[in-house]
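Chains G and U, in that order, give the protein sequences. Read in numbering that gives the first Met the number 0, the first sequence has 288 at position 289, and its numbers run on one by one without any break. Read in numbering that gives the first Met the number 0, the second sequence has 184 at position 185, and its numbers run on one by one without any break.
Hints listed in this document are in silico derivations from the structure and should not be mistaken for laboratory results. Be careful, since some hints might not be right.
With a cut-off of at most 20 Å between alpha-carbon atoms, the simulated SDA-like pairs for lysine to any residue come out as follows [claimed, not checked]:
{"id": "1", "chain 1": "U", "residue 1": "Lys262", "chain 2": "G", "residue 2": "Tyr130"}
{"id": "2", "chain 1": "U", "residue 1": "Lys356", "chain 2": "U", "residue 2": "Lys324"}
{"id": "3", "chain 1": "U", "residue 1": "Lys248", "chain 2": "G", "residue 2": "Leu207"}
{"id": "4", "chain 1": "U", "residue 1": "Lys262", "chain 2": "G", "residue 2": "Arg148"}
{"id": "5", "chain 1": "U", "residue 1": "Lys63", "chain 2": "U", "residue 2": "Lys324"}
{"id": "6", "chain 1": "U", "residue 1": "Lys262", "chain 2": "G", "residue 2": "Ala62"}
{"id": "7", "chain 1": "U", "residue 1": "Lys415", "chain 2": "G", "residue 2": "Tyr130"}
{"id": "8", "chain 1": "U", "residue 1": "Lys262", "chain 2": "G", "residue 2": "Gly136"}
{"id": "9", "chain 1": "U", "residue 1": "Lys338", "chain 2": "U", "residue 2": "Lys6"}
{"id": "10", "chain 1": "G", "residue 1": "Lys68", "chain 2": "U", "residue 2": "Arg378"}
{"id": "11", "chain 1": "U", "residue 1": "Lys262", "chain 2": "G", "residue 2": "Lys68"}
{"id": "12", "chain 1": "U", "residue 1": "Lys385", "chain 2": "U", "residue 2": "Lys262"}
{"id": "13", "chain 1": "U", "residue 1": "Lys262", "chain 2": "G", "residue 2": "Gly144"}
{"id": "14", "chain 1": "U", "residue 1": "Lys431", "chain 2": "G", "residue 2": "Val118"}
{"id": "15", "chain 1": "U", "residue 1": "Lys262", "chain 2": "G", "residue 2": "Ile125"}
{"id": "16", "chain 1": "U", "residue 1": "Lys6", "chain 2": "G", "residue 2": "Ala9"}
{"id": "17", "chain 1": "U", "residue 1": "Lys415", "chain 2": "G", "residue 2": "Val67"}
Values in this document were obtained by computation on a predicted structure and should not be read as measured data.
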Amino acid sequence: MKAGKKGPLAPWLFLGPYLVLTGIFFIYPFLNSIWLSFHQTNGPRSSVYVGLSNFAFVLGDPAFFTAVKNTTIYTIVSVTVQLPLSLGLAMLLNSGKGRVRNVFRLILFSPHLVGQIFVGILFAVIFTPRYGLFNIGLQELIAWGLEERWLANPSLVMPALIVVSMWMYVGFNMIYFLAALQNVDQGLLDAARVDGASSWQTFWHVTLPQIKPVAIFVVVMSTIGSYQLFELPYALLGGNGPNNSGLTIVGYLYSTAFETGDLGTGAAIGWLLALIIFVISTIQIKIARVE
Amino acid sequence: MNYPYGKAAFLLLLIAIVSGSAHTYFSLGRQVERPDLVMAIFAPNHEEAYREVLGEFEREHGVKVQLQLVSQRALQSRLQSSLLTGADVPDLVELIGGSMGYFSRGPLEDVGFVDMTDRLHQEGIYSRMVESRFSLWSSRGRIFALPHDLHPVALCYRRDLIKELGIDVSSLKTWADFVAMGQSVVRDMDGDGNPDRYALDAPLNNTAINILLLQRGQQLFNENGEVVFDTELTAQTIAWYINQTFGAKRIGYEAGWGQGLTKAMNDGLVLFYFCPDWRTKQFEMDMPNQKGQLALMPLPAWEAGGRRTSSWGGTGLAITKASRKQDLAWKLAKFLYIKKEDLSSRFEGTNIIPPLKEAWEMPAFDKPDPFYGGQAIGRLYTDLAKETPPSYVSPYSNLAGTKLTEVFLDGVEYIKSRGEEGLEESILNNLKVKADYVREVLNRNVFLRKTKVGGS
Chain G
0 MKAGKKGPLA
10 PWLFLGPYLV
20 LTGIFFIYPF
30 LNSIWLSFHQ
40 TNGPRSSVYV
50 GLSNFAFVLG
60 DPAFFTAVKN
70 TTIYTIVSVT
80 VQLPLSLGLA
90 MLLNSGKGRV
100 RNVFRLILFS
110 PHLVGQIFVG
120 ILFAVIFTPR
130 YGLFNIGLQE
140 LIAWGLEERW
150 LANPSLVMPA
160 LIVVSMWMYV
170 GFNMIYFLAA
180 LQNVDQGLLD
190 AARVDGASSW
200 QTFWHVTLPQ
210 IKPVAIFVVV
220 MSTIGSYQLF
230 ELPYALLGGN
240 GPNNSGLTIV
250 GYLYSTAFET
260 GDLGTGAAIG
270 WLLALIIFVI
280 STIQIKIARV
290 E
Chain U
0 MNYPYGKAAF
10 LLLLIAIVSG
20 SAHTYFSLGR
30 QVERPDLVMA
40 IFAPNHEEAY
50 REVLGEFERE
60 HGVKVQLQLV
70 SQRALQSRLQ
80 SSLLTGADVP
90 DLVELIGGSM
100 GYFSRGPLED
110 VGFVDMTDRL
120 HQEGIYSRMV
130 ESRFSLWSSR
140 GRIFALPHDL
150 HPVALCYRRD
160 LIKELGIDVS
170 SLKTWADFVA
180 MGQSVVRDMD
190 GDGNPDRYAL
200 DAPLNNTAIN
210 ILLLQRGQQL
220 FNENGEVVFD
230 TELTAQTIAW
240 YINQTFGAKR
250 IGYEAGWGQG
260 LTKAMNDGLV
270 LFYFCPDWRT
280 KQFEMDMPNQ
290 KGQLALMPLP
300 AWEAGGRRTS
310 SWGGTGLAIT
320 KASRKQDLAW
330 KLAKFLYIKK
340 EDLSSRFEGT
350 NIIPPLKEAW
360 EMPAFDKPDP
370 FYGGQAIGRL
380 YTDLAKETPP
390 SYVSPYSNLA
400 GTKLTEVFLD
410 GVEYIKSRGE
420 EGLEESILNN
430 LKVKADYVRE
440 VLNRNVFLRK
450 TKVGGS
């Protein structure tokens, strides 16, 4: 081989920049976060080994379980409501004509083009009691909701967060499904139709199996993304919401590590989050394989 | 030309060398041009005021000062990271009230700011300022920033509406008077089931509760950093506030911020607003159409003859330990914060009362403010400033504030499901639970416990 003639140095020279950057920005923080999770620190000069105390505190902290509960509810809704909606929209668009499809694809995808912080600020205005678009709309439609405090009433915070999240992500996930649907073998669909299969049977027995790899990917990525939710509730609620009703695991991590300054406990929360995501993703992938 | 690894690799190498060299060149260039002092601030109106006088300081000392305006959140987070990692930091930095708690969560010697305590006493500055205000910038008895303000709180109202409703504000001496007035004005005017007029802007979090607690002398933490908010006084105050915001005869409504607030004030939805000095300028900028219509009154007292103000917010100027010109930075801090002539003209631009007591004698504070219908708001606030309560901070102030909000919201649920009977007792029990939680978190801090600190 040509590269072999240049000696063993050449590959390392090419890999060098990547390895250096990975070492600095991935491996070192990765190892340091393990070290941090067993310490209490105050900057690089002061640190005290605390053993498993950080993990013990987090696992005994009601706020952590509130964060896990909130994040899990959000994730379940994302996967069970948002993804079927995305798939439904993708199927609608897939059956439409080219130009119409492109226009709607852009319209539905466009909310994702703006950042979560922007969306959070935008919806904070939309949800303003008495004067917000959402509240005025509800009052006009069902004569209720003008004074509702979506972002200040603990029981309404999660529904508000889900509404915003759906506005933002339904179109985004739809793109994945649409791409998958466009690759479904047309011959199989025609054959099913000729054999007298109903629309539902065609979808269940022909379309779904063919888009399954993409669907698994979207479910896993949505789950991981949902468990990493932070910016949207933070911007929308200006923090963790009343009674921690918008507290997510990453929000809890942020408050602990960067508002209180306890980086050690923050690192412990990060590792617990990684563990939760790993377990759930593994289960999802195993279930998908079994099916 | 011979390319041993191909043209692509050569091109990549070339780009890396050119961009690396350019970056190094420009970075070095910037370092050469570094001014004598860099000062970071977050308030745009401070920038305007400081720029007007910085030239004089530069000429007097033959130095160059660079002023950097950074958004508050960005300033806080960048400063936190830079102090932790030892990266480049400004020589002076204006901090928002409460942030000192974060920076002082470790051993005192690790605080990234210069300890000003001895200088303040030796130069007689401490006694020239409102002493209670140093509490916001202190940790374990040491002072790490010079207070910029006091932020005494008054109530702001629409003069025209109050007159129309026949309310005599001079008779609103206590909160009991205020509530009685409030209950008479709350009204559903269009019959849609939602009141269209409320007496008090009442945020549904710990903001107003903190104001009211401070007015009553109740702190979240004492000067030793211990949690002290689980008291009967706190429970009484929260129960009172819940009654005003969710009770059968409520008088409060959360007007919010930004457009919601502007609309609420313009529509006359809410009559009275908690108003520290800084907010008067904000109202002036956001609602120019209200010129001449707004007015201020002291907070009603909790009991006749009691304190008629509180405090909300704050800014302080700290000198970083990393500054190579700490003495010059100290001179600049004094130049900006304790020169009464400048403070007087700065008041006219910001409406903010400085903590330097001798400055209050300046004529600017007696000047009628046309936006507030000719009221001398400077004098009103300086009169209130004398009784501004101290406000102690802790690294866990935010956490304690969150817990207060939780107690408030739990109380709201209580009153909705069980009524007002037993509310105060329920709040007190809840306060004890929440305070114990904050104590647990606080006690985990090995640095505040003064245990042996190991090096890393």
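Exercise. For this structure, which hints from the list above don't hold up?
Worked result: 2, 3, 6, 7, 9, 10, 11, 12, 14 and 17
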